[in-house]
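Novice: Each chain is listed here by its residues.
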Amino acid sequence: MKVTIANLKKGQRALIKEITSDTIPLKLLEMGCLPGNEVQLLQTAPFQCPMYLTINGSHLAIRKEIASQIEIEII
Amino acid sequence: MAKQIKVSLIGNPNTGKTSVFNLLTGLNQQVGNYPGITVEKKEGVCKLPRGVKAHILDLPGTYSLNASSLDENVVIEILLNKKDKDFPDVAVVVSDVENLKRNLLLFTQIKDLEIPTILVINMADRMSRKGISLDIPLLEKELNTKIALVSARKNEGIDELKKLILSYASIPAKPCVDALTFAPEYFDRLKKAFPNQSIYKLWLVITQDVNFRKIDKKKPAVPPDFEIKSESELKRFQQKETIKRYQFINQVLKKGLIIDEKAATGLRARLDRVLTHKFWGYFIFFAILLLIFQAIYDWSSYPMDLIDEAFAWLSETTKSVLPSGPFVDLITEGIIPGLGGIVIFIPQIAFLFLFISILEESGYMSRVVFLMDRVMRKFGLSGKSVVPLVSGTACAIPAVMATRNIESWKERLITILVVPFTTCSARLPVYLIIITLVIPDEKVGWIFSYQSLTLMLLYFIGFGAAVGSAWILNKILKIKSNNYFVIEMPGYKMPMFKNVAINVIEKTKAFVFGAGKIILAISIILWVLASFGPNENFSNAEEIVTSEYVDLSQEELDQKIASYKLEYSFIGYAGKAIEPIVAPLGYDWKIGIGIISSFAAREVFVGTLATIYSVGSDEEETIKNRMASEVHPVTGNPIFNLASGISLLLFYAFAMQCMSTLAIVKRETNSWKWPMMQLIFMSVLAYVIALVAYQILK
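Order-wise, the sequence lines are chains X and H.
The first sequence maps to residues 1 to 75 in this note's numbering.
The second sequence maps to residues 1 to 698 in this note's numbering.
Everything labelled a hint here was simulated from the structure, so no lab data went into it.
The beta-carbon is built from N, C-alpha and C at its ideal position, and this holds for glycine as well.
A few of these clues could be false.
Said to hold, decoys possible - Derived list of chain X stretches under chain H, where covered just means 3 residues or more per stretch with a C-beta under 8 Å from a C-beta of chain H:
#1 8-17
#2 41-52
#3 55-63
As the list claims (entries may be wrong) - No farther apart than 25 Å at their CA atoms in a straight line, the calculated lysine to aspartate or glutamate pairs in the DMTMM-like style are these:
#4 H:K254 with X:E18
#5 X:K27 with H:D551
#6 H:K163 with H:E185
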């Protein structure tokens, strides 16, 4: 099974793997969600959505649907 | 006059771009709109050394030149068009030292446009606290630019920035990175097709529509033999471009930016732990809402009472000082009460914008978006709908415009359609005056009174109506749209007094002058209609009444004459004509006129009643007292009783009575279909609910 940002537990860190889908909004890439960058889950709202992350030093929140499309490698 | 240097301020949201703008221009600024669209245009004049002036344009905040909203698109439209009158001599990119990496993405894009570009690194005062150190000469060399290290909060570095602007001609205008190297074949062909143009600009024009559907297309013609890539391929290219840019930025910052993690203090993390907490987060949010309502109702009632009395006094004094005549009557009975109806709004609007701008400035609003997204999605809305719904409590117009950063069109449309249900400040005077008339002034417990609870209930009703209709619309509307959602969670900042103050003043001014014009015009028209009549019944009122009631005192007689005149004036006839429609709701013809006139804007209601009731009355009285003394001609009961009062409150809670909102919805949705649907749905709903309420309570 693919491991994605949606699988992260609170406080866990990971590295973003290749971004393959063109359904991932460009804005997310522009905010630093790029292959090789580090991502950490800081907090989730109730029911794990949205997810409050820090990616590449940027703090942002995304919904689980998008989070589950971004493959990661947990470190 | 010497030529002004044209400067565009560009930057990501939350970088303190507006603070820099406020520091450069002071109060020397104006807010308008870009021609044809409703994007707010802020511009101002800045005095530079040696008597030179600069015209500063504060462009909407954007994360990149790949626009995904109307606001962001403005930036590209201006920067791509050399003939645009706002095309800058020099671009100033404002960045935040803590998010330099991300902010530089936009910077490298602006550089590619070959405009002289200055880089402002703002919030320099936070550097030591965050353990950040910068090698400015190295960054200037690598990025091929001039850097101004600024702390808008401490008012540091602005003079250096001004000097750089003054010397704009010597600021480098060449790109710092070639990001379009990932598909050499494609870009070579592009270059051949348009030999005289900048490749990056062409690329921007080609990809502009990928993320953002423009309403009007003004594309330069692409030669027919040029192969157009599919949308999906273009998106891939954009991803690759972004990666290239970040590679460059990372490489530069590796040398030029050092972060000592140990020196960083974790205030953000600690605050976030509480403010985004699964329980305390919501608890704090609702506590803040409660505080806002309390402020609007309780705290602002003191200045409002003063204003109300001041205008009654002003009207009275003018009347006694100036010689009597139709012109003086127009001033004392038409214009002054009409103006009073506008000015009385100021305390509440100022309070609302004060709270909203503090919440925005401090970075807290993003946490609310985060907390509420899941809940709002159940109703077809987005977490980002919370900001419009909260700003809707000030005014629906900025609220509708605030929906622009909602990515999903369906969620955005639903938000636009339901926002007018939230209790805007224009409803407040109507609520306040009716609540004081019909709800007893008694306390429950020790803080809350029945009156303020009623007001809060009305806010909940408005919010409930908004959320309820959103739920229905979500089921009905069959619109396919993406459901992505990205929100930046900015660091917490102490709101800057200057920014908050300017915002409150600007917004209040816009409301007073915008709404004021309509209200003033309507009060004058109403006064004319109430002061003249079509037939002898009006002109001979004095004789008719005097002969009918012989044994009345002079004072009672005057009152009878006044009301007789009003009844047979133009407005009286108009009111009588619609009385059958509003009678089942418990209203008389005077309230009917109030409702008709408030179809232009609801805040007109109080002004209208003020005008109607003050026509012919000589005593110094507040609007409230005049309304309280109105009795039904047949039953002798007060017109404003519990049943008619509640019915009126509910009518105003649901009805769509604001032409400006309809106009803005038309603009934002680009169709008359949605505003018309809003108008019909809300009006019918308001009528039915008010009818039911009156019939039950009467």
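Novice: Is the listed coverage of the segment 8-17 of chain X by chain H valid when you require three or more residues with a beta carbon under 8 Å from a beta carbon of that chain?
Specialist: violated (count 0)
Novice: Decide if the proposed pair is consistent with the structure: K163 of chain H and E185 of chain H, CA atoms, cutoff 25 Å inclusive.
Specialist: violated, 43 Å
Novice: Between the segment 55-63 of chain X and chain H, are there enough contacts, at least three residues with CB-CB distance under 8 Å, for the coverage claim to hold?
Specialist: Result for this restraint: holds, n = 8.
Novice: Confirm or reject the coverage of the segment 41-52 of chain X by chain H under the rule of 3 or more residues with a beta carbon closer than 8 Å to the chain's beta carbons.
Specialist: holds (count 8)
Novice: Need the status of pair K254 of chain H, E18 of chain X: alpha-carbon distance at most 25 Å?
Specialist: holds, 22 Å
Novice: Quickly compare the C-alpha distance for K27 of chain X and D551 of chain H to 25 Å and report which way the hint goes.
Specialist: violated, 81 Å
In this structure, the earlier hints numbered 1, 5, 6 are contradicted, and the remaining ones agree with it.
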